[in-house]
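> Taken in sequence, the protein lines are chains A and B.
Residue numbers for the first sequence follow the working numbering, beginning at 15 and rising by one.
Residue numbers for the second sequence follow the working numbering, beginning at 45 and rising by one.
The hints are simulated quantities; they were obtained by calculation from the structure and are not laboratory data.
Wrong hints could be hidden among the right ones.
Okay, the calculated bits of chain B under chain A, using three or more residues with CB under 8 Å as the criterion [what the hints assert, rightly or not]: (1) 79 to 88; (2) 108 to 115.
Residues on chain A that point at chain B, a partial pick, calculated with CB under 10 Å [to be verified]: (3) A29; (4) S32; (5) E44; (6) S47; (7) R49; (8) T50; (9) D246; (10) T247; (11) P263; (12) P267; (13) M336.
The beta-carbon is built from N, C-alpha and C at its ideal position, and this holds for glycine as well.
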Amino acid sequence: MTGRTPPLQAVHEDAGASFTDFGGWEMPVEFDSIRTEHAAVRESVGIFDVSHMGEIEVTGPDARELMQRLTTNDVPALDSGEAQYAMITDEDGIILDDTVVYNLPPEHDADYLFIPNAGHDGQMYDRWVDHRDEWGLDAEVSNRTDDYAMFALQGPDAEERLLDAVAEDQRTTICGLNRFGVVPATVGGVDCLVARTGYTGEDGFELIAPADEADTVWEQFDCQPCGLGARDTLRIEMGFLLSGQDFDPEDDPRNPYEAGVGFTVKLDTEFVGRDALERVDAEGVAERLTGFRLVDRGVPRQGYTVRDLDGEAIGTVTSGTMSPTLEKPIGLAYLPVEYRSPGVNVQVMVRGEPKKAQTQALPFLDR
Amino acid sequence: MSFEIPEDCRFLDSHEWARREDGTVRVGISDFAQDELGDVVFVELPAEGDQVTQGEEFGVVESIKAVSDLYSPVSGTVVAVNDDLVDAPELVNEDPYGDGWMLDVEIDDESELDDLLSPEAYDDQIA
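Just chain B, with the same shape it has in the complex (with noise of 0.2 Å):
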């Protein structure tokens, strides 16, 4: 099975992707992370105004079958979290780069993105 990995994308090896935004960064999981978990039923992030850590656990994704945490793949200030997530987390499995995103960070070192996986590497560290 081959699993969407965008070009825009960067990525933690814990399967979650950063995509640069206007001024902030957009975070969620990957298509393959969401195939793994099955069904997701339940989302858990942070409040907009939280920091987070680059490499840190900010929440918890949770399918009929598994718990995962969930982490970072920048740091800085959540400036916007995807309130659709508390009423349709399914929107995680059908549109994981999409309307499944989970948080807008403001992001404290741009550099930062150089420290995650190219969508090459991501794609070779999931065949």
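Isolated chain A, as found in the complex (with noise of 0.2 Å):
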């Protein structure tokens, strides 16, 4: 595949990066190492190029209706300058893609934006449309994956390191930002979009700058930057779902319940999925992303599989890694319900070798 390339690519090179294919995008993966960029983010701040996720806004008189006709939250319960997680689910409640919705403040043009997962943003655009001729609602869709470069400022220190980054007089309403909460920011001089979103479990912003000035704007910042390779571990310590991994609608169709994301759906609100979703709810599910610990040495890995103490097979590994905070071996699969309390114990098929595992609650990390 022919690799869509972050505006910063040659940045990072000159910064020591090595790259990687991410849902068709060349990004970083790693700038000094995983374990240094990991403790940089928990202990202090870091910076990463998420330029690879999608960009589409929605605007015009049906526009909040378009977008709660496509994704499970509750977007009418969204004030200006407010934004939510979200699922976009297939008809038989199957999902698709994980997202922000954010209702954008009123000085930018458009009146709702979306983040889907990288290489998601063509697809997304068409689904969109296509749903918007269907039912004859009056809204613009447009695809701004590539006019925007995108950045997450993430870590206990990363409002102060905003602040020193954005226009004095806008600092008093950086700190007043709550979770989830978007407002517009000069940022080095930058017109940005700031919001007190990210996918760490640590408080921080992701910034949204047109991508022709993303240079300005990363140069603003003098901390650690943090290749995906430091997400991954980052995200996966707090449980959060990876696309392609712990969901993926082709190979691993899985619904909200399922993911452990029950709480992004709102029955009370109409949706494609929704009636689906509803008798998922009611009758419960067999399988749910359940998160354990290797006991024995050992790297849990996506793909391994997991038997119960009779050696039958219960399940496979979505995500796995050592953790570098906790400095154990943790893994994500889909295991039946009644594996669902921590502590149950359970093997990990490790290169054809059994290695005892123990159910764990999650998020692995508590923050």
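Using the hints, put the two standalone chains together into the complex.
Structure follows, in structure tokens:
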């Protein structure tokens, strides 16, 4: 696949980053070391280039209606300047993508913005346009993925670092910004959207900036640059979903209740997949995304089989790593619901060898 | 970036090194290999007394991001294993030719060392 590249690829190369393909994008996976980058975010602050994430804007009289009917959360509940985590599901309630829906502040041209995962922007743009036309709604849908760069400034010192970079008269607004709040802000003289969102379990901000001014914004932050390797380890410690691993509509279709994100499903709203999810909610699920830690030595990896103590296969690891914070091997797998309680003994097949493992409550890290 | 390539080591193209010591051959992975792997979090090695064969797998090294097989640069009997790597696998990153060594092997045939890449040839390979 020919890679799409973030606006700052050359800057990252100069900083010594190594790269990987991520959803069709060639993205920095590691700058210094995953352990160093991970620790920076948990203990102070780090910055990620997440320009591979999609940006789709929706504007017009029926923008809210369109957003509501294609995402599982309660879009009308969002005031201007607020965001929410949501699933995008099909008619059967299967997760096609997870996203953050922003009701943009009035200063911005568009009404709503949502963030599909890397490489999903084209598919989601088509989905929005097709449904808009089918339902006869009056809304303009724009795929702005190539127009914007997106950075995530994450860690306990993120606010302090951001305050140094924003225009002086905006500092009070930034300090008062609630989790999932979004405001326009000037960073290094560049007009950005700044949201108190992110993916690491730490306090932090995501900055959406014009792609052609990305370097000016990036240069405002003299802190540890972090790659997607650290993003993965930070994410899994929190039990957050990774597109293509913890849900994959093609290879392992899952609904939000199985994936442990039923809190994003508001059955008193109308959206594609609602009726199917109402049935799932009433009937319950047979399997659920479950955390575990390896008791024996080794590292669980995606695709490893999970077995019961009799040796019967009961699931497959969707995400796994050595947790840099906990210094323990941890993972996620869809397991029968009877394995949901913490402390149940199972086995994980690590390169053909059964290793002792035990289910754990999520998140692995208390935040 | 330049990587350390000691003059007294010979290399497999899969990035393991061998160094002749007193009566044995010491084995580990190269500076380039540890850098490519990133943070090493787990090393699985054979036991003392096990046999290893030149060019065949003898263990596994895992970093946070990847799993890699380890291939033996020589054939012979394992006479010592670096047990420090059980609790401190990061020694492979910190000192790949020193404290991060993996095995001492009593070699069957000294001439096997001639099959390995010289420091110059290995330098060319990773350039």
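> Hint by hint, say whether it matches the structure.
Tested hints:
1. 79 to 88: holds (count 5)
2. 108 to 115: This one holds; 3 residues, not fewer than the three required, reach chain A with a Cβ under 8 Å.
3. A29: violated (12 Å)
4. S32: holds (8 Å)
5. E44: holds (6 Å)
6. S47: Given a least distance of 5 Å, the restraint on S47 of chain A holds.
7. R49: holds (4 Å)
8. T50: holds (8 Å)
9. D246: holds (8 Å)
10. T247: With Cβ-Cβ at 6 Å, under 10 Å, it holds.
11. P263: violated (26 Å)
12. P267: violated (27 Å)
13. M336: holds (4 Å)
Against the hints set out earlier in the document, violations occur for numbers 3, 11 and 12.
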